[in-house]
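**Q** Residues per chain are reported as follows:
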Amino acid sequence: MPRINQLIAFVDDAVPSARLVEQADALGIRLEPLTGHVPVLPVPCVVVGIASHERVLRGLQAPSCGFVEWSLSDGLPLSPSCIEHAALGGHVLSLNTRAAYDLDAANLFTQALAARFPHLDPIIGDIELALAEGVANAIIHGNLGIGSKMRNDLQGFAKFQATLSSRLNDADMTFRRLEISAVPRADSLLEISVMDQGDGYDSTAQMGRSAEIEAKCGRGLGLIRQLAHQVEARNGGRCLVMSFRSPPLLNQR
Amino acid sequence: MEISTVARDPLTYRLSGRLTYKDNEAFSAVIDEMAGQSHARVFMDIAHLDFIDSFGIGLFLVAAEAAARSGNTLVIQRPQGSVSRLFRLAKLDSILHIEGTEAPQQAAHQPGTPARHGLWVSPPADLDDHTVRIELAGRFTFTDHAEFETLVATLGTYAHKEVQLGLSGLDFMDSAGLSMLLIVRDELERLGATLSLHSPQGKVDQLLRLASVDKVLPVIPAAQA
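Chains as they are written, first to last, in the numbering used here: chain G, 662 to 914; chain V, 668 to 892.
Among the hints, erroneous ones may be present.
Said to hold, decoys possible - One-sided and incomplete, this derived list gives chain V residues near chain G with beta-carbon spacing under 7 Å:
no.	residue
1	809
2	841
3	842
4	843
For the record, the hints were derived by calculation from the structure and aren't laboratory data.
As the structure is a computational prediction, the values presented were derived from the model and not from experiment.
Ideal Cβ positions, reconstructed from N, Cα and C, are used throughout, including at glycine.
Using the sequences plus the hints, can you model the full thing?
**A** Right, here's the structure in full:
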């Protein structure tokens, strides 16, 4: 990946860890300690640190372009794709699975998009529902590896709930990353990606499938196809890219 | 939920976090303490209460009744955000003494404000001998299994009845929420009961239409509900 020289990451800690500094150097981004509010700068910036509701909000609100969770304990690298999307003028959110579940990542991200791109208002409801479906799929089926067949009846649902609780407490699974990014593209398209670190799925088969009206599972992708202008699965189903045609040209920041 | 005594005269408690069925024990201790007061106003500041479920609302009602039996008045102060909205939806302002409530437009969801407010399920209201009405409010997504289970736990009492689910207070629902409603319908049908959905608004109405749910479940729009 090419070095990015147009992005500043603000870190909650006054003295960032050596490993984080090393990762930032490799990506070509500048690290600055965050004291109080994120300053208004001529280059994009994101907030990096351990996730909490307040920190994530601070990262998602202008002038910051996103929040990237980073902690020494989870051993994960500073997310290159999120950094790249933020440097391109997009909006990003990268959390581990537990934080994404607890903080309602889709809702927070939709609010951030609505605030940054007010002219999306006529389609923000479509974006919210499609993003919620994408994030739920990425968490449940992707990072937590739970199949969708379980929820067909009450007994299955109870089993599903027990499995979900158990896997949310499994460190290997909850440290898996969920990443959301929104990048304005040409032709008034807003490209929203949801990435997980699960096992992926047969995207060709799943994308062509339409849910029955009575279905109690497997509706998500069908709904997303109805709501988005274009939908594509990449990286073996680990990355869902949804494009929305926005009313007039996106006004960045 | 955390509950602390911030003043003795008048007796004032501060509640913060999430008030749910798990908080029965802590709340019961407070009710006992209030009973020791005599002809006093007892205050509960809930400005920092982020979430309350139907069980939590029941606890407030029990506390108010217990206070009244001792000749005291329970005053609930400063409900905020989704808690304030649910108080209004449940019409608790006509039953409880509530001070410092947000105006409705302030309580509405605003971009940038704390976002997590899950599903709220009202206690059932008997419209007649055969019809039960339950209101849903807040956001109903794949994370709301626990609250959904409280609804499911009551289904056995609705055999051979018509169950109406009011959706006018529901801001958002995803396909997992929809799936849970279909499970409720299946369970009710097994009990010889029926389910209908009433007054869906905005994004919830959009989801029901996109998923063609009206073909398998009666959906009554607001104008007819």
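**Q** Run every hint past the structure and note whether it holds.
**A** Hint check results:
1. The beta carbon of residue 809/V is positioned within 7 Å of a beta carbon in chain G (closest approach about 4 Å), and the interface hint is therefore held.
2. Against a cut-off of 7 Å between C-beta atoms, the interface hint on residue 841/V holds, since the closest Cβ of chain G lies about 5 Å away.
3. Because the beta carbon of residue 842/V sits about 4 Å from the nearest beta carbon in chain G, less than 7 Å, this interface hint is met.
4. Because the closest C-beta pair between residue 843/V and chain G is about 6 Å apart, less than 7 Å, the hint holds.
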